[in-house]
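Given these sequences and hints, build the entire structure.
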Amino acid sequence: MPKARRAEDTAGSLDGLLASREIVVACGPGGVGKTTTAAAAAATAAARIGGKVLVLTVDPAKRLANALGLDGIGNTERQVPEDAFHNAGVRPAGELWAAMLDTKESWDSLIRTHAPDARTRDEILGNPLYRNISGRFVQSHDYIAMERLFEIHSEGDYDLIVVDTPPTRNALDFLDAPERMADFFSSRLLRWLIVPYRSRLVNVASRPFYQVADRILGTQFLEDIAQFFILFQTMYDGFVERARAVQRLLAERRTSFVVVSTLEVVPLREAEFFAEQLVARKLHLGAIVLNKVLPAYLRDPSGAEVAEAMRDRATDLAGALAPVLGGAEERNVRRVLTEVGQSYLDYRVVAQREAEQRAEVGTAPEVLVSVPFFDTDVYDVAGLLRLGSRLWGEEPRAT
Amino acid sequence: MVALLDRRLVFVTGKGGVGKTTVACALALFAAERGRRTLLCEVDAKGDVASYLETDETSFTPRQVLPGLFAMSMDTEASLREYLKLNLRIPVVGRIGPLARAFDFVATAAPGVREILTVGKLCYEVRERHYDLVVVDAPATGHIVGQLAAPQAINELVKVGLIRSQTDWMVEILSDPARTGLVIVTTPEEMPVNETMELAGRVAKETSVDLADVVVNRVLPELFGRNEEQVFERLCRPDAAHRLGELVGGDPRPVLEAARLAVTLRRTRAEHLERLRAGLDSEVQMLYLPFLFTRFHGLRTIRQVASSLGEELGF
Numbered sequence: 061m062p063k064a065r066r067a068e069d070t071a072g073s074l075d076g077l078l079a080s081r082e083i084v085v086a087c088g089p090g091g092v093g094k095t096t097t098a099a100a101a102a103a104t105a106a107a108r109i110g111g112k113v114l115v116l117t118v119d120p121a122k123r124l125a126n127a128l129g130l131d132g133i134g135n136t137e138r139q140v141p142e143d144a145f146h147n148a149g150v151r152p153a154g155e156l157w158a159a160m161l162d163t164k165e166s167w168d169s170l171i172r173t174h175a176p177d178a179r180t181r182d183e184i185l186g187n188p189l190y191r192n193i194s195g196r197f198v199q200s201h202d203y204i205a206m207e208r209l210f211e212i213h214s215e216g217d218y219d220l221i222v223v224d225t226p227p228t229r230n231a232l233d234f235l236d237a238p239e240r241m242a243d244f245f246s247s248r249l250l251r252w253l254i255v256p257y258r259s260r261l262v263n264v265a266s267r268p269f270y271q272v273a274d275r276i277l278g279t280q281f282l283e284d285i286a287q288f289f290i291l292f293q294t295m296y297d298g299f300v301e302r303a304r305a306v307q308r309l310l311a312e313r314r315t316s317f318v319v320v321s322t323l324e325v326v327p328l329r330e331a332e333f334f335a336e337q338l339v340a341r342k343l344h345l346g347a348i349v350l351n352k353v354l355p356a357y358l359r360d361p362s363g364a365e366v367a368e369a370m371r372d373r374a375t376d377l378a379g380a381l382a383p384v385l386g387g388a389e390e391r392n393v394r395r396v397l398t399e400v401g402q403s404y405l406d407y408r409v410v411a412q413r414e415a416e417q418r419a420e421v422g423t424a425p426e427v428l429v430s431v432p433f434f435d436t437d438v439y440d441v442a443g444l445l446r447l448g449s450r451l452w453g454e455e456p457r458a459t
Numbered sequence: 002m003v004a005l006l007d008r009r010l011v012f013v014t015g016k017g018g019v020g021k022t023t024v025a026c027a028l029a030l031f032a033a034e035r036g037r038r039t040l041l042c043e044v045d046a047k048g049d050v051a052s053y054l055e056t057d058e059t060s061f062t063p064r065q066v067l068p069g070l071f072a073m074s075m076d077t078e079a080s081l082r083e084y085l086k087l088n089l090r091i092p093v094v095g096r097i098g099p100l101a102r103a104f105d106f107v108a109t110a111a112p113g114v115r116e117i118l119t120v121g122k123l124c125y126e127v128r129e130r131h132y133d134l135v136v137v138d139a140p141a142t143g144h145i146v147g148q149l150a151a152p153q154a155i156n157e158l159v160k161v162g163l164i165r166s167q168t169d170w171m172v173e174i175l176s177d178p179a180r181t182g183l184v185i186v187t188t189p190e191e192m193p194v195n196e197t198m199e200l201a202g203r204v205a206k207e208t209s210v211d212l213a214d215v216v217v218n219r220v221l222p223e224l225f226g227r228n229e230e231q232v233f234e235r236l237c238r239p240d241a242a243h244r245l246g247e248l249v250g251g252d253p254r255p256v257l258e259a260a261r262l263a264v265t266l267r268r269t270r271a272e273h274l275e276r277l278r279a280g281l282d283s284e285v286q287m288l289y290l291p292f293l294f295t296r297f298h299g300l301r302t303i304r305q306v307a308s309s310l311g312e313e314l315g316f
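Taken in sequence, the protein lines are chains A and B. Heads up, the numbering used here is the position in the first sequence plus 60, with the first residue counted as 1. Heads up, the numbering used here is the position in the second sequence plus 1, with the first residue counted as 1.
Worth flagging that the hints you see were computed from the coordinates, not collected in a lab. For each residue, glycine too, the CB sits at the ideal point set by N, CA and C. Be careful, since some hints might not be right.
One side of the interface only, derived from the structure: several residues of chain B facing chain A at Cβ under 10 Å [what the hints assert, rightly or not]:
no., residue
1, Asp133
2, Ala201
3, Gly250
4, Gly251
Structural data, given as structure tokens:
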């Protein structure tokens, strides 16, 4: 495929990207519609490109279940019933599958894979610290999300996996998670901690650290931690190797990243930072999707003049319009004209701000897509496909 | 039901993108304007608070940024340093060597340590009465429960030691509705409303913190009264629109279409608002903030939001 032509043809569409990659990771700031965009991209790829497409959502708020009209999607992948496409008037070329990340379940399965024997496995699964790490504390989402992606990808069941990323404190956390996990298991401090308790007190270099740690956390807790990590140590090689493999997969050409944002000031700033970071890390920035963009007619210059006239000359206009309005009360007509005019001018301010923001987007990805503000929520396959057609760069059919 | 401004510690959370930081800043600003010595703490340390308040970068040491309003950003390592200084007599900080690494290790190894250092610092400011009100720009909905439940979680894990003796008074402050309250910020949209109801349930079940208020941000104005909608429909008919175009000397269709968009948006959102009200405990107060059609952002916006918030709080 000649590259120049392709870029020209698909500059406003995700089509080429979704057809040529095996993994597409949707990322960006919170609240911009990442989950819906990922689901729409996957649904549309399944409908148009074909093959077996999986959307993997890692969001703990169980939103994809809503968006796909499916209850209780678990850790296991399930096919979205073809009927859901038929109801939207579409005969899909391929299959759409969906899965949601259950952090606890994923950790457990990871332990089962890597534990050297049944006893270690059971001891880890029963350890109170392990239960806390895997269940309660959110940092573990970041790692497990990427781990699970790796696992599903290596099973090779899908032609395309679209991943929605977890809402991290920092949008980059999930990228660093595998590396952090590997670092952590290789750290000298971890080795310090799991030396037998007695010899710790003898070791001059580390003694102050233990004295402090003892006073803060209590000896028993430290022992619990040590016990836990001694158990974990048995899985060290498997974990580190795995974490590195996850890292490699993200950097390969078969993986691409799509940054989703709105044109609001703060999210866009965050998204741009994220796009820059992807490029700096030599990861593939496939596209930027600008979501919930207000319609262009709000920036129509003559529109503003008309709106101002309606607002400022409402009284005169109300009188003149009375004959064509079937005897509506003039007072009501006046109010409607004023409100409609003012409302246009209000929305126009926001639309203009968005246009300025868009013009200032510094990073130039191969693909830049704008998705309009939908006036109703996207909650079913029909809605996803409608959104998807905009991701394919199509204008809506005239109504 | 304790009024929001009469509490000592208010956590502000919400789904990403709903305006959580804006509301936290506005609440803190409003409290300060009402004469409360107020501390605003940004937990995520993204620097958004400084940008919204148009001030220099904030740090762990609180700094007065506006009259009566102090701002800081959480730094768990600095919090640990302060804690050690206050609680251990030995001048340990210099002696444990690379504190950063040791800390990173402890924080990763012992789940909840980062959370406890955050909550601990906030509770400490409350206990010492350094401020009348501490407003926390808290983690987003996905993370807040872990944060608020940290002292209890630590209590279950750690049976003895300094931390154990410390978590008891934190739990006491956090569980006291006269002192501590949670505010969830949302917008009248499907996903934020779902997440708000889900979070309200989890907060009640998994933490002892009182859900004080739900702030609904970006509420769109109602365009038409009862009879006016009919008038609008007639105005949209080709003959009326054409006549209007002649009278104003331009094509009115973009303007009419924009009004239709505004009406639909408002209507869809109203449904979500009803769903939210029905899904929340009737004790929970809902505060409404209007959508701001402005081109600026920063302190001017915060002042506008603060004044709307003040009205909603009955001032």
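Hints and how they fare:
1. Asp133: Since chain A brings no Cβ nearer than about 28 Å to Asp133 (chain B), farther than 10 Å, the hint is violated.
2. Ala201: 13 Å, violated
3. Gly250: 8 Å, holds
4. Gly251: 4 Å, holds
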